[in-house]
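Work out the full structure, taking the sequences as your base and the hints as a guide.
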Amino acid sequence: MHKFAYYAPQTVKEAARILSKNGPNSKLLAGGTDLLVQIKEHVKGPAPDYVVSVKNIRELHDVKFSARAGLTIGAGATISETLATKGVQEHFPAIADGTAIIGSLQIQNIATIGGNLCNAAPSADSAPPLIAYGATALIAGPRATRTVALEDFFTGPGKTVLKPGELLVSIHVPTPPARSGCQYVRHTPRAQMDIAMVGVASFITLDRKGRVADARIVLGAVAPTPIRARQAEDSLRGQEPTADALRAAGDIAAREESPIGDVRGSAGYRRYMTSVLVQRTAQAALKQAMR
Amino acid sequence: MAREKLLGPLGESHARVDAPDKVTGATRYPGDIALPGQLWMKTLYAHRAHARIKRLDVARAEQTEGVVKVFTARDVPINEFGLIAFDAPVLAGDVVRWIGEKVALVVAETEQQARQALDLIEVEYEDLPALTDPREAMKVGAPVIHPHYANNVLKHVPIRKGDVERGFAESDVIVEGAYYTPMQEHAYLQPEAGLAYLDEEGRVTVQVAGQWTHEDQHQIAHALGLPDERVRVIYPAIGGAFGGREDMSVQIILALAVWRLDQMGIHRPVKTIWSREESILGHHKRHQMWIRAKWGAKRDGRLLAAEVEVIADAGPYAYTSTKVLGNAAVTCTGPYFWPHARVDAYAVVTNNIPAGAFRGFGAPQGHFAAEQQMNKLAKRLGMDPVELRLKNVLREGALTTTQTPLPGGVVALPQVVQVCARAAGWKATSTERHVADENLPQGSTSTRQPLATGYGFACAFKNIGFSFGFPEGASAAIELHGGTRVERAVLKIAGAEVGQGGHTVFMQMAAEALGLPLAQIELVASDTATSGDFGSASASRSTFFAGNAIRGTAAAALQKWRDEERPAIAIYRYQPPATENFDAATGRARPNIAYGYVAQVVEVEVDTETGQIRLKRVWCADDVGKAINPQLIEGQIEGGVVQALGYAITENFVTRDGHVLTPYFSNYLIPGVLDVPERIESLILEFPDSEGPWGARGMAEMPFIPLAPAITAAVHDATGVWFDELPLTPWKVWERLHERSYTPHS
Numbered sequence: 000m001h002k003f004a005y006y007a008p009q010t011v012k013e014a015a016r017i018l019s020k021n022g023p024n025s026k027l028l029a030g031g032t033d034l035l036v037q038i039k040e041h042v043k044g045p046a047p048d049y050v051v052s053v054k055n056i057r058e059l060h061d062v063k064f065s066a067r068a069g070l071t072i073g074a075g076a077t078i079s080e081t082l083a084t085k086g087v088q089e090h091f092p093a094i095a096d097g098t099a100i101i102g103s104l105q106i107q108n109i110a111t112i113g114g115n116l117c118n119a120a121p122s123a124d125s126a127p128p129l130i131a132y133g134a135t136a137l138i139a140g141p142r143a144t145r146t147v148a149l150e151d152f153f154t155g156p157g158k159t160v161l162k163p164g165e166l167l168v169s170i171h172v173p174t175p176p177a178r179s180g181c182q183y184v185r186h187t188p189r190a191q192m193d194i195a196m197v198g199v200a201s202f203i204t205l206d207r208k209g210r211v212a213d214a215r216i217v218l219g220a221v222a223p224t225p226i227r228a229r230q231a232e233d234s235l236r237g238q239e240p241t242a243d244a245l246r247a248a249g250d251i252a253a254r255e256e257s258p259i260g261d262v263r264g265s266a267g268y269r270r271y272m273t274s275v276l277v278q279r280t281a282q283a284a285l286k287q288a289m290r
Numbered sequence: 000m001a002r003e004k005l006l007g008p009l010g011e012s013h014a015r016v017d018a019p020d021k022v023t024g025a026t027r028y029p030g031d032i033a034l035p036g037q038l039w040m041k042t043l044y045a046h047r048a049h050a051r052i053k054r055l056d057v058a059r060a061e062q063t064e065g066v067v068k069v070f071t072a073r074d075v076p077i078n079e080f081g082l083i084a085f086d087a088p089v090l091a092g093d094v095v096r097w098i099g100e101k102v103a104l105v106v107a108e109t110e111q112q113a114r115q116a117l118d119l120i121e122v123e124y125e126d127l128p129a130l131t132d133p134r135e136a137m138k139v140g141a142p143v144i145h146p147h148y149a150n151n152v153l154k155h156v157p158i159r160k161g162d163v164e165r166g167f168a169e170s171d172v173i174v175e176g177a178y179y180t181p182m183q184e185h186a187y188l189q190p191e192a193g194l195a196y197l198d199e200e201g202r203v204t205v206q207v208a209g210q211w212t213h214e215d216q217h218q219i220a221h222a223l224g225l226p227d228e229r230v231r232v233i234y235p236a237i238g239g240a241f242g243g244r245e246d247m248s249v250q251i252i253l254a255l256a257v258w259r260l261d262q263m264g265i266h267r268p269v270k271t272i273w274s275r276e277e278s279i280l281g282h283h284k285r286h287q288m289w290i291r292a293k294w295g296a297k298r299d300g301r302l303l304a305a306e307v308e309v310i311a312d313a314g315p316y317a318y319t320s321t322k323v324l325g326n327a328a329v330t331c332t333g334p335y336f337w338p339h340a341r342v343d344a345y346a347v348v349t350n351n352i353p354a355g356a357f358r359g360f361g362a363p364q365g366h367f368a369a370e371q372q373m374n375k376l377a378k379r380l381g382m383d384p385v386e387l388r389l390k391n392v393l394r395e396g397a398l399t400t401t402q403t404p405l406p407g408g409v410v411a412l413p414q415v416v417q418v419c420a421r422a423a424g425w426k427a428t429s430t431e432r433h434v435a436d437e438n439l440p441q442g443s444t445s446t447r448q449p450l451a452t453g454y455g456f457a458c459a460f461k462n463i464g465f466s467f468g469f470p471e472g473a474s475a476a477i478e479l480h481g482g483t484r485v486e487r488a489v490l491k492i493a494g495a496e497v498g499q500g501g502h503t504v505f506m507q508m509a510a511e512a513l514g515l516p517l518a519q520i521e522l523v524a525s526d527t528a529t530s531g532d533f534g535s536a537s538a539s540r541s542t543f544f545a546g547n548a549i550r551g552t553a554a555a556a557l558q559k560w561r562d563e564e565r566p567a568i569a570i571y572r573y574q575p576p577a578t579e580n581f582d583a584a585t586g587r588a589r590p591n592i593a594y595g596y597v598a599q600v601v602e603v604e605v606d607t608e609t610g611q612i613r614l615k616r617v618w619c620a621d622d623v624g625k626a627i628n629p630q631l632i633e634g635q636i637e638g639g640v641v642q643a644l645g646y647a648i649t650e651n652f653v654t655r656d657g658h659v660l661t662p663y664f665s666n667y668l669i670p671g672v673l674d675v676p677e678r679i680e681s682l683i684l685e686f687p688d689s690e691g692p693w694g695a696r697g698m699a700e701m702p703f704i705p706l707a708p709a710i711t712a713a714v715h716d717a718t719g720v721w722f723d724e725l726p727l728t729p730w731k732v733w734e735r736l737h738e739r740s741y742t743p744h745s
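So the protein lines, in turn, are chains A and B.
Counting from 0, one number per residue, gives the positions in the first sequence under numbering that gives the first Met the number 0.
Counting from 0, one number per residue, gives the positions in the second sequence under numbering that gives the first Met the number 0.
Don't read these hints as lab results, they were simulated from the structure.
Treat the hints with care, since some could be wrong.
If you anchor each label on the Cβ, the simulated ranges turn out as follows [stated by the list, open to error]: (1) A:Ala244 with B:Asp171: 49 to 59 Å; (2) A:Glu40 with B:Arg54: 40 to 50 Å; (3) A:Arg145 with B:Asp723: 52 to 62 Å; (4) B:Phe664 with A:Ile259: 17 to 27 Å; (5) A:Thr154 with B:Phe85: 56 to 66 Å; (6) A:Ala143 with B:Thr26: 48 to 58 Å; (7) A:Ile259 with B:Leu673: 18 to 28 Å; (8) A:Glu40 with B:Leu188: 38 to 48 Å; (9) B:Arg134 with A:Val262: 47 to 57 Å; (10) A:Lys39 with B:Arg54: 32 to 42 Å; (11) B:Gly514 with A:Val262: 31 to 41 Å.
Calculated pairs, DSS-like style, for lysine-lysine (alpha carbon to alpha carbon, straight line, at most 30 Å) [claimed, not checked]: (12) B:Lys615 with A:Lys286; (13) A:Lys286 with A:Lys2; (14) B:Lys68 with A:Lys39.
As the structure is a prediction and not an experimental result, all values here were calculated from the model.
Even glycine gets a Cβ: it sits at the ideal position worked out from N, Cα and C.
Here's what the structure looks like:
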């Protein structure tokens, strides 16, 4: 295995300093379920000479929830820790939809949501539900911190807005308003331990009359980054959420993406799956919203 | 659950003797074994489907730090190997005929040094036309891969019985179909690995995971130009095999390296471990086959005439293709009685990955076509598929397409069909259903779930032991130690424990044959230095052959014990009745010693919008003759079903121009635990085989064989669409159900 220097700083500041000092030759290590495989299998470019672990940075491991403040997930918190936090499954079921299917239970016990986001695979299952819930990312650099909307966090496959020396500190998710619902579903040929061919998260808020007050539809694995299907969302806003309206939204969403075709399925198949999954997830979101 | 019992007769589910060490991690597989001073070996593969080697220069690699030696074709004394024909080079010298062809071996102080030196080997190739479709390769005028295989046809098996033209003329219905079955990767847990050294007697010794110690020994000895006894093969724990370890992977190259180094005065062990990618690219696959079938039957369901053409892709070398082809030829007309049959089966050489042994050995391919035909015929006749089977299955004394009756005891085909159908409540479930869009069931979740449920039936037969005149047999030795009473018995037998529980069953049978408790049996296994030739752990033959060998050996040892020999040592070789190869013109033969019989009912759920198929329940009736260890049989049924589920639905081995596009477990998808059916009902039948030990037949392959056609029948029941090609990936199913490529309408 490639040799590297290993750092385990205690603070975010120190981590940012080490990262900025060593430049692009350094990598942040959280759960390591992506990074270590990349190093061992020589994928995604040259292996780093400097590895900076977040293990000892306490503030990165916190997961906090209150109805008023919403949910804050430290970038170093594992998926299992996040799912075990009170309020998460109840108020953010789609986060559970998207993270309890990442790898296996063993993987979820060590992998982090922060790592899943920073690895920036177009198929990352945690991204569409978080974006659909309107999450923001808190980023720290050597000198300052900044906040970006998670939907603006990704810039391409494996690429994010993080600059050299910056690291993801936490994800903040506002508590959904009343009469809201959200579901994430992915399509994979195998029931688990598989990579999404298409992943769809639909978030819907109804008004008092039962019309769609707000809709956010996020598509994963069908473009270089997770994307919002904005035209599909627009088609629903202010409408009665009938089966026909959802079917139309699914078709519109399928046109908004740019899927690849490969050995697992054609681009046309992925578009159709998008349309199907938009309808199904929107139906499920509606049901939650009407509870 | 099976009862826990340490002592007892056959038929008890003893815990596996290898279980404690395996679950505690104490078991050592070939890759876990290290010796002081060992060197590491890495292999340079061609990564070309077909090319001439114009220049091969290893000088730079050999001068690299840590590199001890680089071996090429020139270093191999007799540069050929192969189970059926010595037609494959150990290391390619002039031409490479598939991407995994081995070109050079680097031996270095560390694995990393060996790997890095691979990049410094200079090879200049001139590409040759790559033949990757056997149907094209067998055409007159196609380029020829080996001069000795005319038209690239490695083997043609014709079977002729009766007069098919007359049969078709007398038929009321004709069903025709064209079927395709894909390659399949064995995907065993443990990738190929091994360690070679000279043992204390100076034998070239290889510790490796294989299926047949003595064949490995013979292949190594042949390539090295040594007598067999100068070579020793030992199997430590084996992490799965399924036929994939029957041919040579690292055996010969490890032996070659250690033996050549020894001649250079370097007396050090050599070790190699393949990566998963090397394993997937480096060993043979299940044969892909194209099968065309035309069947004729009377209105009452009586089968009259079958005409079938089978084209099997052998890859560039023979491996075991001629035998796999023979099985496909025998099984492509199903386990049915035919007055008239004409089969032409061809194994064709190509520049794809070599094809070879894989659980079922040609029978899954043959039965996929046969059972699809049968289910289509039932549909056409408006007859219950089970009733149609019962009208036509082979019964005692009936002549097969090779014009001989099935051997040995009860031909339990009617029984497996009936027991399986009854257990599954077949009558109640076989009604046709097509789910109309408006009555889609609303699931418990609010999502619209257009799920369609269907049921399918299929049955199968397959030989036990090697076929077609191969000189079958198995050796064992038993030592009885003690004074007035036998205190312990040592069973020496080369049979491989490939994860199936073979060693446990061997010890149970030895205890039974000797009348001793299991605790007094010691097993010395899988070492050519301590045992005679057992043959392969394949063809569902281990229990059958070990049992007969152990019974004979035990009888001889007990006789010596009574004659007061101490210790009483007996060696015995069981030889079954001879089999026959196909007659060259008519295919007439007694091809096999014994058969296993199996039937399955499956329930599937098809998501008609996504094309996803879920196998929900499976009923499997398997006649095993005598269940030596019922729990291990259930394990084989459940494992066989899940492996066949992969074959039928999830596993998609994709190649292009001879190159593999799915060399990883991230894109070659074996079933996961959530894909496993909710219920697999094992129905174990015990109609004794007249030649089997205590009546036992082999069974390990049977549960695999009918599953794919049972699934396609169930999918038809659910959707009204026949799928004639495997695997049924969601994409492929969706395309057929929607019959178009989707473009969202605006």
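Going down the list of hints, with the structure as the test:
1. Here the CB-CB span from Ala244 (chain A) to Asp171 (chain B) is close to 54 Å, well matched to the stated 49 to 59 Å.
2. In this structure the supplied range 40 to 50 Å is violated for Glu40 (chain A) paired with Arg54 (chain B), their Cβ-Cβ distance being about 31 Å.
3. Between Arg145 (chain A) and Asp723 (chain B) the beta carbon distance is about 58 Å. The supplied range of 52 to 62 Å therefore holds.
4. Look at Phe664 (chain B) against Ile259 (chain A): about 21 Å separates their beta carbons, and that is inside 17 to 27 Å.
5. Checking the proposed 56 to 66 Å range against Thr154 (chain A) and Phe85 (chain B) shows it holds: the Cβ atoms sit about 57 Å from each other.
6. For Ala143 (chain A) and Thr26 (chain B), the Cβ-Cβ distance of about 55 Å falls inside the hinted range of 48 to 58 Å, so the restraint holds.
7. The hinted range of 18 to 28 Å is satisfied by Ile259 (chain A) and Leu673 (chain B), whose Cβ atoms lie roughly 26 Å apart.
8. Glu40 (chain A) and Leu188 (chain B) have their C-beta atoms about 19 Å apart, which leaves the hinted 38 to 48 Å range violated.
9. Checked against the given bound of 47 to 57 Å, the beta carbons of Arg134 (chain B) and Val262 (chain A), roughly 22 Å apart, lie outside it.
10. The supplied range of 32 to 42 Å is met by Lys39 (chain A) and Arg54 (chain B), whose beta-carbon atoms lie about 33 Å from each other.
11. Taken as a hint, the range 31 to 41 Å is violated for the pair Gly514 (chain B) and Val262 (chain A), whose Cβ atoms sit roughly 58 Å apart.
12. For the proposed pair Lys615 (chain B) and Lys286 (chain A), the alpha carbon gap of about 27 Å is at most 30 Å, so the pair holds.
13. Restraint check: the Cα-Cα separation between Lys286 (chain A) and Lys2 (chain A) comes to about 52 Å, which exceeds 30 Å; the hinted pair is violated.
14. For the given pair, Lys68 (chain B) sits about 26 Å from Lys39 (chain A) by alpha-carbon distance, which is consistent with the 30 Å threshold.
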